[in-house]
Amino acid sequence: MALAALWVLAGLLAVRQAAAVLRLPPDQRLTDLETWTGENGVLHVRGSLYDTDAFTGTPFAGLVLKPLTRAAEQSLGVAWTFGTLILVVVLGLVAARSLPAPVSRRTALLAAPVAISLVVLSLPVRNAFTLGQTSIIPVLLVLLTLLPKTSARQSALLIGVAAALQPALLLFAGLLWLTGRRRAAVLTGATFASCSALAWAAMPHDSWTYWVHHIGGAGLGEPADSLSNQSLHGLLLRVGLRGPLELALLAVLAAVVIWVGLRRAAQYAKDGQLLLAAAVTGCVALAVSPTSWQHQLLWILLAVVGRVGKRQGDRLVWPVLVVLVMTLNRTALLPNVEGVGFLGENAPLLAALAAACLVPFLSRTAPAWDKPLPTPHAEPATSRYAWVPLLKFWRRPLSRPNLILELMLIRVGYWGYSFIRGHAPDERSLAEGHGRQILTIEGWLHIDMEHWFNHFVADTPWLEASMNYYYTTFHFLVPMALLAWLYACRPATYRWARTPLALGTLLALLGFWLYPLAPPRLMDMGYIDTAHGPQDLNDPDFGALTKLSNQYAAMPSLHIGWSLWCAVVIVLVAPKMWMKVLGVLYPLLTTAVIVGTANHYLLDAVGGAAVVMAGFGLQYVLTGAGRAPVETGTGSAGAGLKSVVALWARARAKLSGAEPLAAPASTSTVAAGPAAGKAAVPSPASGGDSAASGGDSTAPGGDSTASGGDSTAPDAPALDSPDADADPGDRPTPADAAR
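Count along the sequence shown from 1, add 78, and you get the number used in our numbering.
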């Protein structure tokens with residue numbers, strides 16, 4: 079069933095992409111393809127292909143398209159789109175076929191539809207579809223060399239032709255040389271030279287323009303310093319470097335990237351990871367090429383096959399990062415602010431450099447290749463209520479999740495929330511009609527007190543100022559601070575708490591879409607907008623806020639939803655009664671603020687509370703986790719601090735030549751009480767993982783690293799101890815150590 083669903087999804091995505099291109103107006107689709115054909119067709123192009131600088135391909139690429147004439151141009155768009163679609167499908171199949179062995183049966187079945195879906199969704203392929211570019215062909219030619227039945231001579235010919243279409247791919251000849259296939263490397267160079275010479279003989283003027291005047295196409299297309307050029311050359315130009323200094327620095331950086339990247343690629347090729355080796359080499363080519371346009375960046379997506387991390391919980395960080403970089407625009411990855419925005423603008427290049435030179439991909443001989451350290455999970459839950467069906471779609475992990483992965487998902491989740499909220503229906507008449515409905519219902523319930531309370535706040539300066547500050551500050555500050563504290567000190571509770579928050583927010587987005595509602599301040603009924611100032615309702619784009627978000631997304635109120643979530647979590651985890659009281663007061667104060675500032679109705683608050691409580695209910699149905707889990711072991715900050723102190727004392731004792739008098743047998747049993755001691759016992763449910771809920775344990779060998787600051791919990795003496803392998807009777811007693 080899952081396999082069929084994936085194939086259906088891949089097919090729908092492919093058809094949707096083709097339809098999206100064909101639905102565009104003729105002057106907006108396949109715009110780069112028009113530069114290949116010219117006004118009179120390729121066969122009758124007047125002048126040079128490079129007269130307008132719009133054509134960025136090699137002369138050989140232009141020569142290949144010579145058979146396309148004006149007579150076939152009307153049907154060329156449809157044929158080109160479906161031809162590109164076929165190439166994408168073949169590329170996904172070849173990539174799935176090239177996964178490093180051994181491959182499980184499940185992976186072999188699911189790899190092809192997943193690969194096709196990711197390739198179709200990627201920005202390079204979407205860009206190539208829209209522009210009518212041929213950048214998929216060189217990638218496919220190189221990947222065909224990875225198939226088992228491809229001979230060395232065939233590989234050399236395929237790579238040579240690919241390099242003739244995209245010259246930077248000539249670096250694959252260097253990969254062949256480093257892996258011992260020197261004859262194939264020479265044949266690759268000869269094939270590239272032959273194709274280029276053939277194009278030079280047929281189009282000498284165009285070849286001179288491309289290779290000499292534009293130095294390998296460096297001056298063609300958009301300006302080299304535009305954000306579309308994701309190469310080192312483009313990056314240096316964007317930071318302000320020009321002239322000989324920029325060229326000298328580029329030469330040094332390119333040499334370092336080529337040296338490090340090709341050696342790493344050769345290492346992975348010898349290890350049997352041919353697809354990863356090709357991806358790394360392609361990333362090197364992207365980085366050092368004078369221009370690397372968006373439609374040429376598909377090599378970065380192929381690097382997703384590399385495995386990184388010893389823990390199972392860390393395995394998703396690199397694939398998720400690559401997929402996000404290759405499918406989302408720069409504003410979705412990082413906010414467009416100074417410093418951070420620069421990283422988002424150059425995210426593809428940074429990902430290519432990371433894949434080429436930095437990311438420590440595992441070798442197939444590494445113990446963690448197919449047996450990463452497992453993540454401890456909670457025992458299956460049973461419902462306390464017979465009428466509640468527990469679906470249990472996923473097991474509940476108890477360790478601290480990877481921080482980088484969490485931050486990425488939070489950022490992308492918030493971008494998705496802002497995007498959906500901003501694109502929800504915002505017709506003024508419909509939203510104001512819903513506003514009158516809310517006021518009518520509140521009048522019938524005798525709770526329509528927004529108007530007089532809003533004027534009371536506006537007439538009390540200190541109260542107005544306080545509520546305005548509260549409204550603009552605490553909505554994001556308190557939930558984010560609570561999430562950060564849970565992540566650092568209560569990791570299992572963090573995992574439990576974030577699920578209803580996410581589910582409640584998704585339900586709220588559905589409410590924004592189905593029921594656009596004008597808040598009181600936009601109803602033109604005498605309400606005073608204390609927080610944002612007066613709004614010109616006669617202007618369709620009234621106020622500066624309409625450029626930031628949809629102002630008719632008032633039902634339900636996430637100010638109340640998120641504050642109620644904070645209250646529930648604080649009441650369940652806070653150790654002091656006064657903390658619990660503050661937690662309960664938080665949503666009550668928030669309700670007063672959103673009504674007093676004329677941003678919401680009372681029924682909006684009811685809606686916000688409803689979606690968050692529904693989130694808690696859905697979480698219980700999905701996982702059976704109705705209450706916050708009990709934290710043990712290294713879950714608290716105090717226990718983690720004690721672990722650090724104990725390890726430091728032990729290290730100082732070793733340096734002084736004697737073991738400490740009472741070295742702890744396990745760093746996870748530092749927390750007092752029987753629960754901490756019990757947590758150090760491996761449980762069958764966690765696959766023998768001896769970590770408590772605060773973090774995963776590491777394999778024997780004294781490796782104490784873990785994401786998010788988790789400490790390890792070996793029950794046996796550390797292997798680096800001088801007495802680790804000695805007979806128990808020969809070990810010194812505490813008295814001997816003291817002497």
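These aren't lab readings, by the way, just hints derived from the structure by calculation. For glycine and all other residues, C-beta sits at the position ideal for the given N, C-alpha and C. It cannot be assumed that every hint is accurate.
As the list claims (entries may be wrong) - Computed cross-link-like contacts, DSBU-like style, restricted to lysine-lysine with a CA-CA straight-line distance of at most 35 Å:
(1) Lys-348 / Lys-449
(2) Lys-348 / Lys-227
(3) Lys-658 / Lys-449
What the hints assert, rightly or not - Computed beta-carbon distance windows for the label pairs:
(4) Lys-654 / Tyr-492: 48 to 58 Å
(5) Lys-654 / Val-93: 51 to 61 Å
(6) Ser-126 / Leu-225: 31 to 41 Å
(7) Ala-326 / Ser-126: 46 to 56 Å
For which of the previously enumerated hints does the structure constitute a violation, in increasing order of number?
-> 3, 4 and 7
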